[in-house]
Amino acid sequence: MRIWIFDRLRGIASEQFDINKDGLRFVFTILGFLWLSEEELGFDPTIMTAKGQQFIEIERDGTTERLILDGIHGNTWSAMIKGKLLREATSKGAVHVAQYYHHETVRVRNADDDVRNNVRKGLDVTKATNYRQNRSRLSPSTSTAGLSRAGRSSSIAGAKRSSDQTGASLPPSKRPCSISPTKAGSDALLNRVHRRVILRDYGIPIYKAGSRETLLGALADCIEGHESLRRKAGLLYRDISLNNLMIDKDNRGFLIDLDLAINE
1 MRIWIFDRLR
11 GIASEQFDIN
21 KDGLRFVFTI
31 LGFLWLSEEE
41 LGFDPTIMTA
51 KGQQFIEIER
61 DGTTERLILD
71 GIHGNTWSAM
81 IKGKLLREAT
91 SKGAVHVAQY
101 YHHETVRVRN
111 ADDDVRNNVR
121 KGLDVTKATN
131 YRQNRSRLSP
141 STSTAGLSRA
151 GRSSSIAGAK
161 RSSDQTGASL
171 PPSKRPCSIS
181 PTKAGSDALL
191 NRVHRRVILR
201 DYGIPIYKAG
211 SRETLLGALA
221 DCIEGHESLR
231 RKAGLLYRDI
241 SLNNLMIDKD
251 NRGFLIDLDL
261 AINE
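Just so we're aligned: 260 in the UniProt record's numbering is position 260 of the sequence shown, and the numbers increase by one with no gaps anywhere.
A portion of the hints provided could be inaccurate.
[What the hints assert, rightly or not] Simulated DEER-style distance windows between Cβ atoms:
#, residue 1, residue 2, range
1, R200, R10, 33 to 39 Å
2, G93, F6, 38 to 44 Å
3, T29, R109, 24 to 30 Å
[Said to hold, decoys possible] Pairs of lysine-lysine, DSSO-like flavour, derived with a Cα cap of 30 Å:
#, residue 1, residue 2
4, K232, K249
5, K51, K232
6, K232, K21
7, K121, K208
8, K84, K249
9, K127, K84
10, K121, K249
11, K21, K127
12, K208, K249
Since the hints were made in silico from the structure, they are not lab data.
Everything numeric in this text was worked out from a predicted model, so none of it was measured.
Just so it is clear, CB atoms sit at the ideal spot from N, CA and C, and this is done for glycine as well.
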């Protein structure tokens, strides 16, 4: 048996042991999993619950705001550039693009929530006796925006669907991960930081359109949004996918997720 932990940077494994010869270690291992807190299991400690409702608190314009989480919310451990580009697109009047509200670096226990210091607590995996160098290096420009139940959140409102939704097949997963803009020397230098981007718009993925007319209309809106990003904000979107084309409650289409957008 071997125990693994995956912390959005890479997997870390324990030494292998034989459960038939070391039954006590096996029992301790199972008990350890049973006694883990929600945060240790990967749930976001900044998502709180009161009166049956989940919410987060943000600092915006010098005041504290409480935002109720109604429905799906996404999961983003990526570069702050995403929030800045959304803010730029909104301020320049780009149409059919998710409207910016707020972005921030998530903080846990008065520290930035990142893998290297907050999740691993400074653990240097390169000092492990069984450490093996990564075979392929990850580009600093790549990022992840996946989904989880309430785990280390969050792009709120304009979010992608969670894995427990039914009724449509899952599109292929996206880019692998994001790392800090440091030279790729060893895993000790790699890091990922928990960012939160809050949007004014929300909707459903375009492939869940209720009719052909709605689908075609939303697709036309998304094309206009792509053109608007270039014309008004000078941004090339570069990330057309089923999960990034959305339909709002009025059946209008809009784009989300500027992870791969660049200034022209």
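These are the hints, each one checked on the structure:
Taking the beta carbon of each, R200 and R10 are about 35 Å apart, inside 33 to 39 Å as hinted. Against the hinted window of 38 to 44 Å, the Cβ-Cβ separation of G93 and F6 comes to about 41 Å, which satisfies the hint. The hinted range of 24 to 30 Å is satisfied by T29 and R109, whose Cβ atoms lie roughly 27 Å apart. Under the criterion of a C-alpha separation no larger than 30 Å, the hint pairing K232 with K249 is consistent with the structure, at around 25 Å.
A C-alpha spacing of about 43 Å is found between K51 and K232, which places the hinted pair above 30 Å, so the restraint is violated. Only pairs whose Cα atoms come within 30 Å are accepted, and K232 paired with K21 is rejected, the gap being roughly 67 Å. Of the supplied pair hints, the one linking K121 and K208 is violated, its CA atoms being roughly 42 Å apart against a limit of 30 Å. A distance of roughly 26 Å separates the Cα atoms of K84 and K249; the hinted pair therefore holds under the 30 Å criterion.
The straight-line distance between the Cα atoms of K127 and K84 is roughly 37 Å, outside the 30 Å bound, and the hint therefore fails. Taken as a hint, the K121 and K249 pair is broken in the structure, with Cα atoms around 43 Å apart against an allowance of 30 Å. For the proposed pair K21 and K127, the alpha carbon gap of about 28 Å is at most 30 Å, so the pair holds. With a CA separation close to 12 Å, the supplied pair K208 and K249 stays within the 30 Å bound.
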